[in-house]
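K.L.:
Modelling step: build the complete structure from the supplied sequences, incorporating the hints.
Heads up: the sequence lines are chains A and B, in that order.
Per UniProt numbering, residue 1 is the first one in the first sequence, and the count goes up by one each step.
Per UniProt numbering, residue 1 is the first one in the second sequence, and the count goes up by one each step.
Misleading hints may appear alongside valid ones.
One copy or any two copies: either way a pair holds, since identical chains are not told apart in the list.
As the list claims (entries may be wrong) - Straight-line alpha carbon distances no greater than 20 Å define the calculated SDA-like cross-link-like pairs of lysine to any residue that follow: (1) K417 to D469; (2) K351 to L362; (3) K351 to D447; (4) K333 to E360; (5) K351 to G441.
Everything labelled a hint here was simulated from the structure, so no lab data went into it.
Number of protein chains: 2
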Amino acid sequence: MTDRSVVADAAITTGPITGSSKVYQEIPGVPGSRVPFRRVHLTDTREDHLDLYDTSGPYTDAAAAIDLQAGLPARPGVVTDRGTQLQRARAGEITAEMAFVATREGLPAELVRDEVARGRAVIPANHRHPESEPMIIGKAFAVKVNANIGNSAVTSSIAEEVDKMVWATRWGADTIMDLSTGRDIHLTREWILRNSPVPAGTVPIYQALEKVNGDPTALTWECYRDTVIEQCEQGVDYMTVHAGVLLRHVPLTVGRVTGIVSRGGSIMAAWCLAHHRESFLYTHFDELCEILARYDVTFSLGDGLRPGSIADANDAAQFAELRTLGELTKIAKGHGVQVMIEGPGHVPMHKIVENVRLEEELCDEAPFYTLGPLTTDIAPAYDHITSAIGAAMIAQAGTAMLCYVTPKEHLGLPDRKDVKDGVIAYKIAAHAADLAKGHPGAQARDDALSRARFEFRWHDQFALSLDPDTAREFHDETLPAEPAKTAHFCSMCGPKFCSMRISADLSDAIREAHEQGMAEKSQEFADRGNRVYLPLENSVP
Amino acid sequence: MTDRSVVADAAITTGPITGSSKVYQEIPGVPGSRVPFRRVHLTDTREDHLDLYDTSGPYTDAAAAIDLQAGLPARPGVVTDRGTQLQRARAGEITAEMAFVATREGLPAELVRDEVARGRAVIPANHRHPESEPMIIGKAFAVKVNANIGNSAVTSSIAEEVDKMVWATRWGADTIMDLSTGRDIHLTREWILRNSPVPAGTVPIYQALEKVNGDPTALTWECYRDTVIEQCEQGVDYMTVHAGVLLRHVPLTVGRVTGIVSRGGSIMAAWCLAHHRESFLYTHFDELCEILARYDVTFSLGDGLRPGSIADANDAAQFAELRTLGELTKIAKGHGVQVMIEGPGHVPMHKIVENVRLEEELCDEAPFYTLGPLTTDIAPAYDHITSAIGAAMIAQAGTAMLCYVTPKEHLGLPDRKDVKDGVIAYKIAAHAADLAKGHPGAQARDDALSRARFEFRWHDQFALSLDPDTAREFHDETLPAEPAKTAHFCSMCGPKFCSMRISADLSDAIREAHEQGMAEKSQEFADRGNRVYLPLENSVP
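P.N.:
So this is what it looks like as structure tokens:
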């Protein structure tokens, strides 16, 4: 990374999130280890803080010196010569990465090892990306969120993409994917990897296509393989590979409303059809496994035939490919390579659960990683919402990681605002699913925030929220004065009509009445048919 | 309405929605009748338009003369002396309102009559609000959306509220509720009713409380009754009545994280507790029914004890009140009054369906009308999203109308932007549910939009979307030039990487291959174990 102009241009956001500070927890038995948490400081007299899972890396640590040119420091404990996390888990080893994620998730390290060994969870951690903080993707753990960034031929610069990466992780992105397709693909990725505190994924076919000047039919296995090796060497943690798009699947898309909407899928379909040969990703899959195993790069088996519209959901093409991904999962696991499976796309609500059920059945319970799904096609500019609905539901059903969709989906490349809007919408979906799954500890944050809300601790409410800055800004639009931050009402109802104020005022009275045996009295009422205090002229029939 | 300054201040938005125009359809057998639709004009050669359900009234009719001072014209066919829609449906009559909504929904008039007669659907249509266009709320029909507007003691003016009403219906609000609690409650409501093309709801206890200077304990049945009559006379179509908050329910809220969060609920709880008497809404319920029946005002039985946090969802207080609402439903129906039931609130995803199941069981399948529910408490400023997730799911399960939640929920009063954001989020939830329920015709819009998307008919895609202006604006941020509106790519991928372009280009090739018997060939492949074209050295185990 020698281009200093990138650094000069990059205006990244650093410093703690409002109301919080960075703390580190030691892994039991590993002196000096540092697992990061966001500590929210509260004015509650019963508990003065709540520690939250923190994806934002050193950028939110007031004590950290950030130097984009130098990149983030490497974490200790990276082992490069003992195979993949999967292989080591099978051998009974609790790796440094497993211990890290166990502390991070507040779950037993043995559970982590077991889920990884069974292939129900993955820890994407390329030996050559020591800058990232280990994280785990699997249905037994907190639901994760990926944010796509990357430039295209039409827009954006390296500095902007580095900024988006830091920005996305600030708001909670658990991984990022660099989907650049424009100029400087290699250099953009280098800047992102060296500065990313979270695992980074890519779709190598994009860069391979760039190398053959954008002509899908000119692609070769050799060109693709060399690109994969280049990216493995650089430190990419997981790669989307559309090896399930087979020649015989392509005709299944004929009757579709929106054909093939995955870029990788359409590229491979074009190649297969032009050469009338089977996809080189499929025919060379063993060789690909051997390469990924060397670096412990995780497969993200792409759904190149995912539905791009409600009409095409759960169709023959989609599920034929899923069956092939199941075959490939077994092959990859045979090589000791970690695998997750990508999922749709556009799916109406009543067809969502079937996707998870089939994926688990066909793909040996490999972690499912879905794009949304969008639950309707009619709201371009609001697809973070159409898809947050589907994302929450599919995560409740078992999806381990959600790929965000931004308001710009179908319309253009996301800018900084879109990235944040997409991440927040997906943190909501992921957390709603954690609650619905009863994930240990998930509800503590809801409860702390609701207590703050009920007790009019406005600053605490802001600090506990997914986006303290916007929550405070919205509150201040109508009541900007500092005293309003402790006032027992807000502009919604004004002082007289605040239900929470009335309710809070009532609390003592209710408690008192309760103690005086009102419960017993109400039983009497119930015995009389719940009709007490009814004047005779109004007796209810 | 004599205050001309209101008119002078009101800057409402009129004119057709981009890409659409207003058309009217005659009700079969009723010459001269006019049921409004939004006609989206398409450049598709196979179908040149799609007609959509239209809530926006004359404001989007280029030919209509709008005069806020005069109010909207009265619709023909209003009958005031033959009782309620429920009574007339039971008598076998298909009213003008039933015929109107049947045409509007594209469903048989007899289905409408039957659902109303059974109390599974309501047509809120006060005889004294002839300005509104009839609509139906029931699980057999399209899911509806309500938008809350209204000023508070802290903010807003009459002109702003009229503007919000027009604005909300422009984007698809099926009803509006005027929740004003500040000055000029009567006059604000008058301006809204005389100009509203959709049914309007209120919570009369708010105005009654204003009359006793905000002291809940000073409320009396007489004050409340007179307020209800005043609002009935004015033309309010449905009223939220928190008659299910009983004295014996109040102690059940003691252990809650957020106590009582409904304004009406907290007011009535305070009254009951202060007087240690049963709620006058409950004891005078028969009298209330007689009043509402005279005007055909619909009950919206309020959930005064709804949960205000994830922790309090589906608790004893909530369900005790629901049981009481069930009793009251039977009483109201006995009086021939139409009834719907309000629902929560804050509910985690796994507890949503139980709410619908219990409501249907206890309340005789009266239409359910829910606020969200929010599926997590941790995202103030994004509660239109936390709740759109819950709203879509609860509507899929059978909720008939969704009360929107705006980004300002918990933080302040919604402004114009918040109203639109809330309505759009809820139109998404409602439509996603319509798709999931297989509502007749719902998917036609998704299919038309997706076809436009796949064929790069950008203007058609915008026009078919819930918000054409924002969709276009987002597209134009990166590719503003007019030729980009027909270009076969967008800024997401640029020209080389557009999967839709590659896929579209592929279509002919795929079709050709298909015709040449590729399907048969792939059967051969399948017969050989799906291994064709695999070089021997890479044969997949």
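K.L.:
If a hint holds in the structure, say so; if it doesn't, say that too.
P.N.:
Hint-by-hint comparison with the structure:
Taking CA atoms no more than 20 Å apart as the test, K417 paired with D469 passes in both settings, with 13 Å inside one copy and 18 Å between copies. For the identical chains of this complex, K351 and L362 are intra-copy neighbours only, at 17 Å inside a copy versus 29 Å across copies, given an alpha-carbon limit of 20 Å. In this homomeric assembly, K351 and D447 come within 20 Å of each other (Cα to Cα) only across copies, at 17 Å, whereas the closest approach inside a single copy is 32 Å. In this assembly of identical chains, K333 and E360 lie within 20 Å of each other by CA distance solely inside one copy; the values are 15 Å within and 49 Å between copies.
In this homomeric assembly, K351 and G441 come within 20 Å of each other (Cα to Cα) only across copies, at 18 Å, whereas the closest approach inside a single copy is 30 Å.
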